[in-house]
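Chains as they are written, first to last, in our numbering: chain A, 1 to 187; chain B, 1001 to 1545; chain C, 2001 to 2361.
Don't read these hints as lab results, they were simulated from the structure. Remember, predicted model here, so these are calculated numbers, not experimental data. Note that CB positions come from ideal geometry on N, CA and C, so glycine has one too. Take these hints with a grain of salt, some might be off.
With beta-carbon atoms standing in for the labels, derived distance ranges [as the list claims (entries may be wrong)]:
(1) B:Ser1100 <-> C:Arg2234: 41 to 49 Å
(2) A:Val167 <-> B:Leu1230: 47 to 55 Å
(3) B:Asn1401 <-> A:Gln136: 43 to 51 Å
(4) B:Asp1262 <-> C:Phe2135: 53 to 61 Å
(5) A:Ala133 <-> B:His1452: 20 to 28 Å
Residues from chain B that face chain C, not an exhaustive set, calculated with beta carbons under 10 Å [said to hold, decoys possible]:
(6) Ile1046
(7) Gly1145
(8) Asn1256
(9) Val1259
(10) Gly1325
(11) Leu1345
(12) Leu1360
(13) Asp1370
(14) Leu1388
(15) Glu1415
(16) Asn1420
(17) His1421
(18) Met1513
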Amino acid sequence: MSILTAILTLALIAALFGLLLGYASVKFHVEGDPVVDKIDAILPQTQCGQCGFAGCRPYAEAISSGEAEINLCPPGGETTMLALSDLLGVEPLALDAEHDDIPEKTVVYIDEETCIGCTLCIQACPVDAILGAAKQMHTIIESECTGCDLCIPPCPVDCIHIKPVKVEPDTWRWPLPDHVSTAPQAG
Amino acid sequence: MSLNSRHLWHFHGGLKLPSNKAVSTIKPITRALLPKRLVIPVQQHIGEAGKLLVKVGDSVLKGQVLAQASSYVSASIHAPSSGKVVEIEELPVPHPSGLSALSVVIETDGEDKWIELSPLHHPNTKSPTELRQLIRQAGIVGLGGAAFPTAVKVNTGPHAEIDTLIINGAECEPSISCDDMLMRHYASEVISGCGLIQYIVSAKHCLIAIEDNKPEAIAALRAVITEKALHTIEVVVVPTIYPTGGEKQLIKVLSNKEVPSDGFPSDIGVLVQNVGTAVAIHKAICLGEPLISRIVTITGEGVQQAHNMEVLIGTPMSELIEQSGGYHDDAAKLIMGGPMMGFTLQTDHLPVTKACNCLLVSNAAEQTADAMPCIRCGACATVCPAQLLPQQLYWHASSKNFDLVQEYHLFDCIECGCCNHVCPSQIPLVQYYRFAKTEIWNQERDRIKSDHARIRHEFRQQRLDREKKERDEKLRKKKELLAKKKIAEAETKKTADETTEIDPKKAAIEAAMQRVKDKKSAQQTATTNLTSATESSNEKSTQEQ
Amino acid sequence: MQFKTATSPHLAQQNSVQSVMYKVLLAMLPGTIAMIVFFGWGVLVNIILASVVALSCEALMLLLRKRPLKPYLLDGSALLTATLLALALPQLAPWWLTLIGTAFAIIVAKHLYGGLGFNPFNPAMVGYIVVIISFPREMTQWVPPLLDDYTLLTFSETLRVIFHGELPLTYGWDAITMATPLDTVKTQLGLELSINEIENHKEYGSMFGAIGGFGWEWANGLFLMTGLYLCIKRIIDWRIPAGIIAAILVLSNLFALYDYASFTPPTFHLFSGGFMLGAFFIATDPVTAATTTKGRWLYGAGIGIFIYIIRTWGSYPDGIAFAVILMNMAAPLLDYYTMPRAFGHRWNEFPHHHLGDKDEE
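Extracted from the complex, chain A is given alone in its bound form (with noise of 0.2 Å):
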C-alpha cells in the first residue's frame, strides 16, 4: 500500500512539474531575433562562394536552417567558425585541413596590357569592384575588392591576376609566442 502511495506521489509530482514547464515554456516564449542575420555579420562578406552556396546570405540561411556545418568558410578561417560556434552553441568544429587558421589577404588586378574590355569580369563581381565600360579599359578598385577570385575564370584572355596585401608597419600584427613546452613535441 505504502508503495502505491510513493508512486502516486511521485506521478503527481511529476506532472506537477511537467504542467508547469509546459506553461513557462508558452508563456515566457522569447521570439529568437532572426538568426540568419547574425550569422550573416560574422561571415567575411568576400561573395566568393567557396562554402558551396551563392554567396554569404545564402550560406547563413542554410546554416540558420541546419543544411550546412559551420567550417565551410575559408576567408572566414577559424575565427569565423569559433564566433559562429559562439553564437550557435554549437561544438566548433575544425576547418579542412588545407586551409590556414588565418588565411593571406589577397587582391586581384588587371594586366592592361593584356585587357579587351569584354565586361565578363564586371559582371561577376559580387561587390562591383571593376570599373570598366564595353570596349573600354577595366581595372579593378583595390580598395573594394575582397579577394573572393569570382572575376578570374570569366576572362578570357586571363589577365586578372592575384596579389598579397601589402602589409605596413600600423596593419603587422604580432605573431603568437611559440617555445611554449605545453605543446606536445615531434616524436
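With the hints as your guide, set chains B and C onto chain A.
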C-alpha cells in the same frame, strides 16, 4: 635626499629593478658626427603620415620641411642637415616587424646650413593657439618614446581645464639615461619649455617629477627654479619604482587620481609631457628650430663605451655604435628602447627616429629554455601597475578567446613587462597581449571591411534586381501592346467581314492583283492585236505584190 | 651587423618554478624532522618510497604524452606532491598503499588533467582520499609518538613492517599502532566523554601534549614557523593560511564557548593532525587555489570551515584533504566573482557571459 613638501601616493604593483644607469652618465653628452647620409622616415609618429613636399633632386637646408602634417593627428618632418634629396624609397625602419616604410634620404653637403629661423623673444605676447601652431609646424612629437603629436596633446580644448601640468622626468626604465643628462645639462631649457606649456594650456601648477636616483638632475632644475624665482613650477622627487614613469601611474603617484580607462588625463585636469618634449618646445618657439635631433643613450654590455649622444634624426645606428667604440665580441642583441619595453632590431643599418631614446646592446644569450605552463601563482597580478589579472589575460589570449580577453580589460595593459619579469614559468606574457591586441584590431578592420562589402553586395543585388524588373516591365508592356494590337486586328477583321469594309491591306492586295490581271489581259489583247495586225499587213503586202 | 631578435623584456629573470618548489620543500624540512623524531623511521621510508614512485610515474606519463622530460622531472613538483602525501599517510602503512596513493596522484590527478598547471584538484589530497576511502583499515596504522609505554621501531624493523607486513617478534599490532589524538577525541566524544575527561584519561591521556597531540604539536609548530617564513618571502600567499586559521579560530571559539565540554578547544585544532601542514603547504598549492586576493581569503576561510565541520560532525578524524578538494572545486567560481577593480575603472566589473550574448553590438 631633498625632502618633498608634497604628499605622494602609491600605485599598485611595480618592481624595484637594478637601474644600470650610472655607466652611461659618466661622460658628458657627445655630439654625434654629421653622417654622410640621413634617412628620415616620413612616419615617425602615431597618426597619419605627412604629405611629401620635396622630390628627388631637391636641395634642402637644415630645418626645411620635407613632409607636411596632413590631418589633425599628424606631424611634419624636417631635414636634419643641409644637402640634396637623393632617394625617396621604402627603406627599412626601426619597427618590431622589420618592415620598410617611405623614407627621404638626404646626402649631406657638410655645411649644415640652417633655413631662415624666426625665433620668438617674447612668447607670452602670442596666443596659445599661435604657439600650438608653431609646435605643429616644428614637427614635435612626444619624446618619451610614444611619439604622439604634441600639438594635438596640448590642444586640450575649451572644456578641459588643466589644473596640473606634469613634466615627466622619471625615466623609470633601467639603462636609459637620456632624460637625466638632458635635465642636468639643459636645465634652463627644460624650465623654459615647462613655462611655455604651462602658458599654452593655462595650467595652474607645474610639477617636474624626477625619480630619486637622479640627484644631480634634481639639483640642477631646482637651482634654475630658485634662480628665476618661479613659484608655480616645482620639482617633485618620486621613489624609484618601475614603472613610475608611465603616464597613468605618475598621475596616480602625484595626485592620487586615476585616469579613466576610456578617457584622457585632461579629463581629470592633468597633462603630462616628457622633459625632452619640453626642451623641443622651447627650441621651436624661442629659437625657431624644428625637431631635428634628440639625445640617445648608447649602453649595454655589448658596446665598448656607454654614453649619451646628441643625434640628428636619420643618423644610421651603426655609425653611433662606431662612435661609441664599437661592439664587444659577445654582442648578441640590439634593442631600441630599454630592457623592459624595448624591441629588438635585426640590423643596425636603421635610422634613428624621433622615438628612439636608447640603443641597448646586450650580450645576454638567447633564452633557450621553453616556458613552463602557468602554475597560477598570482605573482603577475601582484605586480601589475594597471591592476589587471595577467593570468586570465594569458589564458584567454593564448586560446584566442578575444571577446573574453577584452572583458578582462586587455586594452588597459601598458605592456610594461612587470608580469613577465616575475613569472616563475617564464611565460612571455607581454607577447601574448601584443598578439591579442593586434589580432583584435585586425578583426575590427576586417569587420568594417566586410560590413562595407556586404552593403556593396546588397546594393549590387538590388541593382540587378531593379534592372531585371525594368527589363521585365518593358517586355510586359511590349507584350501588352502586341496583345492589344492583335485584339484590335481581330476585331477589325470581324467587322470587315460583316460590313464589307475594305481592309486597306487586303484592298491594296486585291487592287494590286487586279492591276496584274488587267496588265496581263491588256498584254494579251496587245499581242493578239499585233498578231492580227501582222497577219493583215502580211496579207496586205502579199496582196499588193 | 645582423642580430637575432627576441621578445621583451630583456632582463634576466630570477624566479623559476623549480626555485619555488624547492624552497617549499626546504621549508618542510624542520617539521619533517620533528615527525621522524617523534614517530620513527616510517616517515622517512614513506617519503623515499613516495618520491621514487612519483618521479617514475611522472617520467612514464611525460613519455606517453610526448612532453620534454628534463624540465618537468627537475621542477620539483612531483617531489613536493610525494612528500606531502607521505607526511599525511600513517607511518606504518603498507608499501602498496603509498604506491597506489602516489601513483593515482601523479597519473590521474595531475597528468590526465594536463600536467603541471592544469590540474583542478590538489594531487596529493586526491591520492590521500583514494586510499582512505579504499583502505580504511590500513589507514589506521599510525605510530604512537615517543611515549613511555611505547618504543619506536628500528629502521630495519620499520622496513620489514612496511614492505612485508611482518611485525617484530615481541610486538603485536596494538603495541605499535595507536589512534591519533584527533581520532581518539572523535571516538570518545561520540561515547559522551567530555574534553577534560578525554585529555586526562589514564589510558590514553598521555597522547595529548601541552597544546595539541603530543609530538604532533612539535611538527605543527615547526610547520607554522617555516610556513610564516615562506609567507614573508612571498613564496606562498599569506591570505590562504590566514583565512584557514581565522575560520578555525572563529568557529572553534564560538562552539567551545557554547559548550566547553563537547567541543575541542581552538589550540587543539591548530596543533593536531596535519593542520599546519595543510594550511601552509597543501592549501597554498598555487595551481589549485583561487588566484585573486579576495578569492584567496574566501578560499582559505572555506577550507577552515570545512575542516571544522568534518572534524566535529563528519566521519573522518582529520578533514583536511576533503576540505581542500571541496574548495578546489569552488576556486574557479571564487575567481570569477572576486575580480579586482582595474586601474581607471570605477567599480568591480566581472566578466559578462560571452556565449550567445551579442546584444551589446
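The hints, checked one at a time:
The beta-carbon spacing between Ser1100 (chain B) and Arg2234 (chain C), approximately 46 Å, falls within the hinted interval of 41 to 49 Å. Under the hint 47 to 55 Å, the C-beta atoms of Val167 (chain A) and Leu1230 (chain B), about 49 Å apart, fit the expected range. Under the hint 43 to 51 Å, the C-beta atoms of Asn1401 (chain B) and Gln136 (chain A), about 49 Å apart, fit the expected range. Our hint of 53 to 61 Å for Asp1262 (chain B) and Phe2135 (chain C) holds, since their Cβ atoms are close to 60 Å apart.
The beta-carbon spacing between Ala133 (chain A) and His1452 (chain B), approximately 24 Å, falls within the hinted interval of 20 to 28 Å. Here the hint on Ile1046 (chain B) is broken, as its CB sits about 19 Å from the closest CB of chain C, past 10 Å. For the restraint placing Gly1145 (chain B) at the interface with chain C, the shortest Cβ-Cβ distance is roughly 13 Å, beyond the 10 Å limit, so the hint is violated. Interface restraint check for Asn1256 (chain B): the shortest CB-CB distance to chain C comes to about 12 Å, outside 10 Å, so the restraint is violated.
Here the hint on Val1259 (chain B) is kept, as its CB sits about 6 Å from the closest CB of chain C, short of 10 Å. Interface hint at Gly1325 (chain B): violated, since its Cβ lies 14 Å from the closest Cβ of chain C, which is beyond the 10 Å cut-off. About 6 Å separates the beta-carbon of Leu1345 (chain B) from the nearest beta-carbon of chain C, less than 10 Å, and the hint is met. Annotation: Leu1360 (chain B) was flagged as interfacial toward chain C, and the flag holds, the nearest CB pair being 7 Å apart, inside 10 Å.
For Asp1370 (chain B), the shortest C-beta to C-beta distance to chain C is roughly 7 Å, which falls under 10 Å, so the interface hint holds. For Leu1388 (chain B), the interface hint holds, the least distance from its beta-carbon to any beta-carbon of chain C being 5 Å, beneath 10 Å. Here the hint on Glu1415 (chain B) is kept, as its CB sits about 8 Å from the closest CB of chain C, short of 10 Å. Taken as an interface hint, Asn1420 (chain B) checks out: its beta carbon lies about 5 Å from the nearest beta carbon of chain C, inside 10 Å.
Because the smallest distance between the Cβ of His1421 (chain B) and any Cβ of chain C comes to about 6 Å, under 10 Å, the interface hint for this residue holds. Nearest Cβ of chain C to the Cβ of Met1513 (chain B): about 82 Å, over the 10 Å cut. The hint is violated.
Hint compliance for this structure: hints 6, 7, 8, 10, 18 are broken, all remaining hints hold.
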